[in-house]
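As a plain string of letters, each chain reads:
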Amino acid sequence: MLARRLFVLLLAFLLIITFLITRAYYLLLLIVLLFSLIVISVFCMLMMYRKISFQFLQSENEMNLVFRGKGFFPVGRIKIEIVINNLFLDTSLSQSKQFLVCGGSVYIPLDESLFHLGKSVISIKSCRIIDMLGIFSKKIRCQEKMESFCYPYIDESYRKLNAQVNEKLRNYNQQKNEDYDIREYREGDSVKDIHYKVSYRQSKLMIKDKYKDAGLMMKLFLDLSGDEEDCRQVLSYLYQFVCHLTIQKSKCQVQWYSKNKLMEEKISDLKEYEEALHTILSNPKADGEDFVHAEWVITKMGIEGGE
Amino acid sequence: MEKNDRITFVLYCMGCMFSPLLLIVHFGVLDSALSAFFLLLLISVCIYLLWHYVKYKWICWLILAGGIAVVFMNQSILIDALMYAYNQVVETYRQYTGLSFQKFDIYFSRNQVQIEVLLLLSLMQIFVSEIMCFLFDRRKPFLIFIVSLLLVSPSLFFQIRLNWILMLLVFAFWFMLFVTFNDKKILIDWKARGKQLLLVGITVFVVSGGFMFVLSEARFKETAYKPFSIESLLDRFNSLITFFSTLQFDDDELDLNLAGNRFYTGAQHLEVRRNRREDLYLKYYSGAVYEDNSWKALKDEAYSELSASEFERSYEWIVKYEVSSVDTEKITVTDLRSGNVFAPIPYYLRSIEADYSINHDIYIKLDHKNDTVVYQVWNPNTATNNRKYGEYINFVNEHYLDIPSEIQSIFRDRMDLAKATLSVDEATSRILSLLSEYRYTLSPGATPDGEDFLEYFLLKNKRGYCVHFATAATLLFRYYGIPARYAEGYHIDASSFDSYMNAKVVDSDSHAWVEIFDRNYGWIPVEVTVGSTQGSSSNDPEQPSNIQNNRPDDATNNSPNNPSVNQPDNTPDDPIENGSEEVIDRQPVSSVLYVTLTILVLPLLLVIYRIVRRRSLVGKMSQRNRQQAVFEIYHYLCRIEKYRQVKNEKILSLFEKNRFSEEGLDEEEYRIMFDFVQASSLEVYRSLPWYKKMIYKYVKCLI
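As you go down the protein sequences, you meet chains P and X in turn.
If you read the first sequence in the numbering used here, its first letter stands for residue 269, the second for the next number, and so on.
If you read the second sequence in the numbering used here, its first letter stands for residue 303, the second for the next number, and so on.
Bound conformation, chain X alone:
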């Protein structure tokens, strides 16, 4: 055997032996691993010698055919052995991974099983050895790696205790294969190759030894199931999604044109803790004026009508502390959203234990957003000594009953709704009855350009989600003489709170509803989104604890926070419908679009720069003043020469002639120079590595 062949032989033995041996030792199909080792080695060596040193190659194929014949002739024995091996494998996986598979109900005597398994193993080793010989001859290291990996991979991917020596040997074998990859064009010296493989082997064992000493398998298992890496990655991913999805909400206007198809990622927005397991509404925005397909805040001038005292006490529209209540509660909210966002606040606020700034009666912003904020809320059912609002009631009646005239005409003329002043209950009942004819869906499509958002929903599309229903209901309440405004925030279902009364509020908990004004309680929420009849039940399987459960038939909601009847809104705001169409949230899409455009614009600018510069350069080299043109050519060649020498004697003599002679160069000589510089530039460009080519072409513009 030649010296170079010995290395191949060693690699071949490693490939044939280690993976099967790992399986034998790990799954315990044979009593003695040592006997298995010798058996496998013997078969592998014999096959190798037959394959390479026997004159008649067909002997190897004969052995293979013989193996196949033995398989067919001893089917029952081999099936028994396979069933036994299968049971052993399944049992091992059950011990380590908890996965249970059905076993074969068989019984063998110990000796019988060992003999049968030996036969099975021998046949398997013949096949594996012949395959390896074939692959080694054809120099297919990647396929060799795949064959070896297939035998090992199931055990490798699970947290199963493996024989570490064999595992390291398999790793060493794989790295040695990688080093010998693509050996076809290389002059191999067996000493050099042996040195390389030895270095690989030593490195594998030394590094592995050090690693195992520092982080043993047992210690790793203790920490492995703590959410260290995946959770932190997911947290970062959540923040990124939240950042993009909350970017648009940074001013006083809510653009309803963006309320197209909705898509949820399950990104966490808030963490909430409270004492009572009840539904909770957290509002961060209220819209007062419906105009141009958007909800806007009242202008500052409107607030100047309020008296100074009422204005100074404007915080009472958000926080009312002059309420005595037997039943108060602390609600703790941690805001995980990025960006300059408004604070989500509960209703019936008594106090906010944080520094904040208030924007009239629309929203508040915390000075330190990411801090955990404690809100004290009072229970309206047990409140006493509740001071009524003063001038603010008039202010509300004046400004929160406005409906655009075109909307009025839609209600009156096209929907045949008689204008009347109704009580809250009557209005609520009528509005819910009307809206029940509309279909709830998370993919209603975007409002076409030029169309009114509400008109399109009420008269044409007739389907939408909470934003559509809340907008319609707000204007209907106003139509029926009840001051109302549009509110956005989060609706946390009672079932979202775990045993510690903590709830993770995700993007799918975002919700819109209507607020109506009560003289004693201030603005109170009214749920108007009619539940979906489909009853989608598709929770995200990866985050079962985070997304609220579907309750398609939830018809009761008598939480004190919701004095009006609430129909199942939980279901409609769940993230994914069954068999849902592809939905894309416009909000991150627009942001992604801006980023994509920015990325595309930069190369475009680079291309334009190159075109302009090249034209200028070629123009200079082809100018009518041939003497000057040759100077430019010379300068151009000097710049190319920084990469590689290109000038030759003939060109230099032409340059000198141009410089020193009176008549200069004639047209033919100039043409020679010009063609030469073009050809040289191309030649140099082709000889450069790819990153230098980029610089050559787009920065230096030399080609």
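The following block holds chain P by itself, in its conformation from the complex:
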């Protein structure tokens, strides 16, 4: 903009000097036109927008920032500086965008590479209205913040049941299943659970009381200390694990470190998984390689544990 201003200043100066020397009528007209256009351009800029708003629209293939403004005869352009703070990866990226305004909504495409795994908060750091000629500008306040979630892409290989893990889980569950209490039969109990041997000995009906409702609450630790790709793999394995859980109707308690703070969530179905994922992605990932002992550990290498 400084270059444009200097150019206009120099042009005006040269035109005036040339006019004074040559006294050409059309040069005078050109000078008058130049100043008139500057005045009109500035006037339009000042009248342009009083209130503006931004909205973030995310679709499968593209991400757009939608600009809406109310104003009087908008001609000119707007320059915004967008800051995208990724809460999960704790990064901040900024990008500058300029676009022409015409009175309606303007869809500003955003580069997908700006959005990484996790929750991103999109804020408009600065917003300037620039006049038609690109010489003057006016700053306007815009304190809107928008959110965007970038969930880990789960490729097909993770969607299939991993036989090895499945086996481990089944054995684990079976082992858990073998742990039961004996109690007297109550109305409503399943006849399948009758322990016949004990019942014969006790001469009354006794059943096996398994810790169904107490739940097979497995403790699971997520290692989110790696980079984005490592975290994506960890979360993909988590998804796989949750799929197994839902099949086997089990629950787990997921723990992970957010920076230095230990966080946990309970997952028993896919809905709770989504909520937990939401929480994971909304907080910063682990700083260091802090570790909590748990029955199951998911790292970038895979799911380990179950012993």
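Hints listed in this document are in silico derivations from the structure and should not be mistaken for laboratory results.
Since the model is a prediction, treat every value here as computed from it, not as a measurement.
Note that beta-carbon positions come from the ideal geometry of N, C-alpha and C, so glycine has one too.
Possibly wrong hints are sitting among the right ones.
[What the hints assert, rightly or not] In the DSS-like style, the derived pairs of lysine-lysine whose C-alpha atoms are separated by at most 30 Å in a straight line are:
hint, chain 1, residue 1, chain 2, residue 2
1, P, Lys365, X, Lys995
2, P, Lys365, X, Lys949
3, X, Lys994, P, Lys393
4, X, Lys944, P, Lys406
5, P, Lys406, X, Lys995
6, X, Lys1002, P, Lys393
7, X, Lys497, P, Lys347
8, P, Lys476, P, Lys460
9, X, Lys442, P, Lys365
10, P, Lys406, P, Lys476
11, P, Lys487, P, Lys465
12, X, Lys497, P, Lys407
13, P, Lys407, X, Lys1002
14, P, Lys347, X, Lys944
15, P, Lys413, X, Lys952
16, P, Lys393, X, Lys497
17, P, Lys407, X, Lys493
18, P, Lys476, P, Lys487
19, P, Lys407, X, Lys994
20, P, Lys406, X, Lys497
21, X, Lys959, P, Lys407
22, P, Lys347, X, Lys949
23, P, Lys406, X, Lys952
24, X, Lys949, P, Lys406
25, X, Lys952, P, Lys387
26, P, Lys519, P, Lys413
27, P, Lys319, X, Lys442
28, X, Lys999, P, Lys407
[Claimed, not checked] What the simulated footprint calls covered on chain X by chain P, stretch by stretch (three residues with Cβ under 8 Å from a Cβ of chain P suffice, anywhere in the stretch; the number is not a length):
hint, stretch
29, 466-478
30, 488-497
31, 505-512
Use these hints to put chain X onto chain P, whose structure you have.
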């Protein structure tokens, strides 16, 4: 064609069409402008479509190559067409500007010429269109503008009647180009862009329409050649130069050390009107005492020796009204100089029709300087009943024969001039003969420090101008027993007066001469500056009527105002010598120097203020009492926060710890605070616009 591309296409057509069309219509090389329009449009559109939508790009280059081939194959036809077009152009310029150029002596039949010109035009349009396509593709709007301007500029700069519609379209095209300048980083929406270009176009036509209605071309031409703007600008410029060049002359002393190389700007100082076309001397200063390389006035005590009556009649040394003269004349002088300057007065003054104050016999000052003053002068050749001066003659003989002893010894011992009492004519002849050996130049150089001005001129340098010659001659006259004094003023050549007997007196008319005292006529001027043998003839071409003409061989000057022989002094005081070296007048230079120093001192003071303030601030933040130092850091951060928020939780917790805890912060924590504040200050500074940066750095001293 995509919608955004349509806008580019429209701009491209405008760029290809309007400038050539303007030339065709204006110079009348073709009979029908409409056919020219369609031809140009057809070629431009075809080239555009070929360039952008044909699969094989080399077709466009093939067309270009084909055009060049056609040029070579039809050289004679195209040369004929060019000659015809040239004749038409030259004829048009002759009609409107009066410029005459030689035409080609050719004859063509009408049809032949039209066909040839059409061919020339078609080829030219192919080249222009391909160039435009290339430039539009590369997004070079400035080059597009230059190509368009080149075709139009000669007609634009002259007062030539142009087709106003086409001219406005060209203007609209230029402004549209400017709006689309630097489009690379902008997200373009064709509606928005179209709206902008439409607004530009409407503005151009509406404003132009209003302008042309208020000030039509015909009305403008009536007033255009009246000197309204340039002359007023030049007048202001003249006043400024005059102000600086006459600043030094505001007291009774004339510093000869300033008589170095002389430079003239042609600034007008006076306007003079009289009845007779004769040389005129206007004096504003007389120097009586030569001392310390300067001419000074006599001290007030010297005048107290005069009797009261003579003292009261001191005006007679300037104005003598008890003279009967058959031949009197009115000389009107308008002083255009700035500053508190002395009045330039003619000799043989009878009356001054203005309020003035007189300073003994040295100079007068008008009460209202810028008024036009009428002086009545009497002709000494026809004067009768001229009362002689009384005691003043003795006074003159007493005080205007003084020569410093060192100057006497120079004359006597080193120049071998025998001291004698001579008549005026003898003395004048001898002095002129002596001074003829010295070279006249406007760039003699300054007198070196510690040297006497006259000694340096007479014995070492041996070159100078009127100031040097007049100083030497004044002291030589005194040496030969004739009371004399140094005079400065203006010498107006007789040829400077126009047919209305008005003369514009410029800075180059400034002159110095000698005054000798006559019992009847009072102080009369004597011209002593010997003319230059180079005979410079370089008038300032821009002001031919203002600067007096050179007369290098002018040997006669028998004007009644100059009873002594005058040798050509006109030439030497002309402003610029041929092949002159660079000359700078010291007088405006010293004033410019003072102004420059003032301009430099202010930023220097600002820098010093900043340094002092920063040191004080950093000192407070690094003091031994760490608790106090952290307080200072906190205050500093608060001042930075007026621009942008910088504090974070960690820093705030450290502040609180410093404030409320007993032990305060340790060295490491203090260091964290200090480094943080330095980094934050720098970060905030970098994010500010340039004018806020100046305030941040030099006024608030926050970095």
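Enumerate the violated hints, using their earlier numbering and listing them in ascending order.
10, 11, 21, 23, 26 and 27
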